[in-house]
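Chemist: Could you build the full structure based on these sequences and the hints that come with them?
2 protein chains.
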Amino acid sequence: MLEMAILGLLNEAPMHGYELRKRVLALLGGFRALSYGSLYPALRRMREQGWICVQDPADVSRALPADAPPLTGKRGKVVYALTAEGKERFQELLTEGGPEAWEDERFGVRFAFFAQTDVDVRLRILEGRRRRVEERRDGLRASLARTRERVDRYTLELQHHGLESVDREVRWLSELINSEKVDRPAIDRGSDES
Amino acid sequence: MLEMAILGLLNEAPMHGYELRKRVLALLGGFRALSYGSLYPALRRMREQGWICVQDPADVSRALPADAPPLTGKRGKVVYALTAEGKERFQELLTEGGPEAWEDERFGVRFAFFAQTDVDVRLRILEGRRRRVEERRDGLRASLARTRERVDRYTLELQHHGLESVDREVRWLSELINSEKVDRPAIDRGSDES
DNA sequence: GTACCGTTGTATCGGATCGATATATCGCAC
DNA sequence: GTGCGATATATCGATCCGATACAACGGTAC
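Those protein sequences? They're chains A and B, same order as listed. If you're matching positions, the first sequence starts at 1 in the working numbering and goes up one per residue. If you're matching positions, the second sequence starts at 1 in the working numbering and goes up one per residue.
Just so you know, the hints here were simulated from the structure itself, not pulled from any lab data. One or more of the hints may lead you astray.
[Unchecked claim] The calculated label-pair distances, taken between Cβ atoms and stated as ranges, are: (1) B:G37 <-> A:P99: 16 to 22 Å; (2) A:L25 <-> B:E48: 34 to 40 Å; (3) A:Q91 <-> B:S179: 48 to 54 Å; (4) B:Q55 <-> A:E134: 35 to 41 Å.
Keep in mind that this is a model prediction, so the values were computed, not measured. Think of the CB as a built atom: it goes at the ideal place given N, C-alpha and C, for glycine as much as any other residue.
Modeler: Written out as structure tokens, the structure reads:
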């Protein structure tokens, strides 16, 4: 979800939309795209929610002067910044460690701000994510075992490639989990299988 | 695009929506989801287009009898089958080898029906796809080289993981391309670099 | 200096898709 | 017989993308 991405980036520094987009693209490593068609409506929503505000609205006050046929006119940069509520909201998001945090759409953004996330929450999310991806892997394995020999080479190849991808992600997550546990070697919770 | 997925699966056998969904999920290896919210509107669109039709509309004729408050009522299975135009449309899609065929959204589905695709078209799509993914890889590499040492461990880890993913896909595509060329060792077009 | 072009920048529109939800039937276990 | 999970159709609101339009700025080729 790009709400958190916007909040997180604006938390580092005020920014205008265009730069926000480039930063998100770089941050997520090209995973998710973030088009203008979602960015600007999102900014509007968040402004209405009171999480962000517009700095130096010199030119912005000119926006929508109730005339100008196709809504054009001299438009200046619109720099957004977090409000107090916005900072609060971001901190709140950082503490969430439920299933939403490890689903496909949000995990990337969630992970991108791990440096500002508590260790316990980090571990919960990583382990939840790993369970989730393992489920998918097992489903793919079963499906592949069932349909093998019954489908053409390309279908097989596609499913095999997909399986290897999720397999790789599981290993990646396991390494991350290990490294988290090494950095903080079981002080309180004694439950560490393996 | 699920238009092609539906056409391709119905080309194998008539089917109802629920099974169509399961088959697409298995076919794409869990890459793309295909929810009911997109499946049923798509089926409606395609029926209006004349590509698919409903077999045995015994119960279907009861659908929407202009009353029944919340639109419920005894509904039976709705089995869809390809029309002549539908088969034609599918064959037409199979011959397309332009950029649409190797963009993220469509490549998976396109590839799933490679067995029914001409060798030349297969090669064009695979090479187009590889160029596309190589571009992304190079972009990520540059971005990673630029921001290295300036970002935290997790951002770096995320970008690194993403880079390895696209790198893997490039290698996968290269193997596929090679194997295509071995199977059909340069009969006509003499242009084979490497 | 001016004509051109790529980048920066804001914004909307239509369409595709998702997630949640509602409803109903069927088979099977207990 | 009662409950439950799988089968099955369908819609709703919200989100997001891709394409597109518009405009100002910066460089550079001539």
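Chemist: Now, for every hint given, state plainly whether the structure supports it.
Modeler: For each hint, the structure was consulted:
Remark: the range hint 16 to 22 Å for G37 of chain B to P99 of chain A is upheld by a beta-carbon distance near 20 Å. L25 of chain A and E48 of chain B have their C-beta atoms about 37 Å apart, which keeps the hinted 34 to 40 Å range intact. For Q91 of chain A and S179 of chain B, the Cβ-Cβ distance of about 52 Å falls inside the hinted range of 48 to 54 Å, so the restraint holds. The hinted window of 35 to 41 Å between Q55 of chain B and E134 of chain A holds, with their beta carbons roughly 40 Å apart.
The earlier numbered hints are all upheld by this structure, with none contradicted.
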